[in-house]
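Novice: All chains, full assembly: derive it from the sequences and hints.
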Amino acid sequence: MIPYMASSFNNLGDFLPMSLTLEQVRRVAHLARIEISDVEARSTLGQLNEIFGLIEEMQAVDTQGIEPMAHAQDVAQRLRADVVSESDQLAQRAAFQAIAPETEAGLYLVPKVIE
Amino acid sequence: MKQWEVVIGIETHAQLSTQAKIFSGSSTAFGAAPNVQANAVDIALPGVLPVLNRGAVICAIRFGLAVDAKIAPRSVFARKNYFYPDLPKGYQISQYELPVVLGGKLAIPVGESEKVVSLTRAHLEEDAGKSLHEGLGQHFRGRSGIDLNRAGTPLLEIVSEPDMRSSAEAVAYARTLHALVRWIGICDGNMQEGSFRCDANVSVRPVGQPHFGTRREIKNLNSFRFMQQAIDYEVQWQIATLEDGGSIEQATVLFDPESGETRAMRSKEDAHDYRYFPDPDLLPLLIDQQWIEQIRSQLPELPTAKRERLIADYGLSAYDAKVLTSSLELVGYYEAAVATAGKANAKTCANWVMVDLTARLNKEDREISESPVSAEQLGGLLARIGDGTISTNIARKVFDALWSGEGSSADEIIARQDLQQISDSGSLETLLDELLAANPAMVAEFRAGKEKAFNALVGQAMKATRGKANPQRVSDLLRKKLG
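Residue numbers (my numbering), protein chains in the order written: chain A, 12 to 126; chain B, 237 to 719.
In case anyone wonders, no lab produced these hints; they're calculated from the structure. There could be a bad hint or two in this list.
Lysine-lysine pairs mimicking DSBU-like chemistry, simulated, CA-CA at most 35 Å apart [said to hold, decoys possible]:
no. : chain 1 : residue 1 : chain 2 : residue 2
1   : B       : Lys579    : B       : Lys599
2   : B       : Lys341    : B       : Lys583
3   : B       : Lys686    : B       : Lys699
4   : B       : Lys599    : B       : Lys542
5   : A       : Lys123    : B       : Lys316
6   : B       : Lys325    : A       : Lys123
7   : B       : Lys583    : B       : Lys455
8   : B       : Lys558    : B       : Lys579
9   : B       : Lys455    : A       : Lys123
10  : A       : Lys123    : B       : Lys366
11  : B       : Lys579    : B       : Lys699
12  : B       : Lys341    : B       : Lys316
Specialist: Below is the structure:
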């Protein structure tokens, strides 16, 4: 699992050697749409760097020739039959939309999206 | 003037023809009322879990086998994270490092020859929902409307290597791929409904330069014509920009069919920071050889093999074979017609299917599957041309009668309307003797050397028999009598 994570994190920007900057923490928070204050960013930076330290320690383990796992459990995905199992979705939609902030003509309304 | 080389790679999203969505039991049918095909999984209510649809995996395996790719014995689903209102989970389930289909190749027609385009990969993923801005006659009070019916629809994203060198090659690739996914029954290919959409990565470089130029990606091309126009515009824009001393910045662009131009989307610097990681909700997808072989045994004969067989077995031209294999339905019809008409009439069958039948279908805007004349009926009709029972002209009449449902077989119509060709010499000779006696002037003209008069006499004979006389016989007998 570790080598996989490490390679994914490489996509985030070149983190190696494994230590984050404050700017990177802010960027990750922004990408995840998490609002953090300066104080929170600093404490998060410390915590994340501790985790990176831990990972770096684990990197010392020789994993040559070991296939990376994609899941903590070493079992295969079960498959469902290609069958429609839903019915009366009009009633279901009404139930879902009862808790939506705003709907119209069966659509969920959101702040205007412009591309 | 510098010589420029165009480099194009294509990513295609093919919507898979499953009944249910890739990770839920909602229907994938097109055109339902908004949000009635979006269940708790599709709208990402907390606590739900995705379960992979076997049908979608079968489609991916069929595709992999059809392009001679490697089917990954183990592949992994990953989360592609980004925020957009039509993506309820805040991530799209896709495949990243370990896709289900690896490599592969596709032979595309280029001029009179063909070119083999390499494929990089094909992976399974879910589609997002749709954002409507001012659709359905509504204005949404300045907001956007979200329809999640499409969210979770299975897609196969097929990625080519940057092997195309012109817009014509790009279109040939897209057309060939489009025909193939329909042929193997994994995608309906309906481009208006968005079932088959292409993104083209386009760059240019001076001829001889080893590395690629910077590419721009033209998104969501949903017609072959637009693809050609968009690439042509983009290429000339890139060349003009570079020749003016400018540089190309990597960007995502949209094609505007109104202006015929491409324009860059407002891009944010973090737009492509998707932070992929393995989806903990899904376990690795394992595909064993036995399953692959079972699926292989259910694949139809592929277009290239089929074309070669039509040429070898039926003596068709390469052109005829290509036209007939434009879809599995068409070639299936053709082969069923030949099965009834007999191999000796294979060429006649090809002509009738490609010309008479296709013209009639097009005129009435019908698909081959909706033809009022079945392959067996057509084959039965063409067998009667082959054995001399009727002429081609009479056959057209019988075809019309079959089309309008006046009989269940050609034989029935021929017998009922007494259309059988008159070939026996006895009755034809009597007829011709009467004809010659009645038209002394024409006979005299022919004897004086006018070939026209001969044709007129043949015409008279055909008319007298309402087209049923065998024209060759009439001609032979007339020459004998006049000679």
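Novice: Work down the list of hints and note, for each, if the structure agrees.
Specialist: Hints versus structure:
no., hint, in the structure
1, Lys579/B x Lys599/B, "holds (29 Å)"
2, Lys341/B x Lys583/B, "holds (32 Å)"
3, Lys686/B x Lys699/B, "holds (21 Å)"
4, Lys599/B x Lys542/B, "holds (28 Å)"
5, Lys123/A x Lys316/B, "holds (23 Å)"
6, Lys325/B x Lys123/A, "holds (19 Å)"
7, Lys583/B x Lys455/B, "violated (43 Å)"
8, Lys558/B x Lys579/B, "holds (19 Å)"
9, Lys455/B x Lys123/A, "holds (21 Å)"
10, Lys123/A x Lys366/B, "holds (13 Å)"
11, Lys579/B x Lys699/B, "holds (33 Å)"
12, Lys341/B x Lys316/B, "holds (27 Å)"
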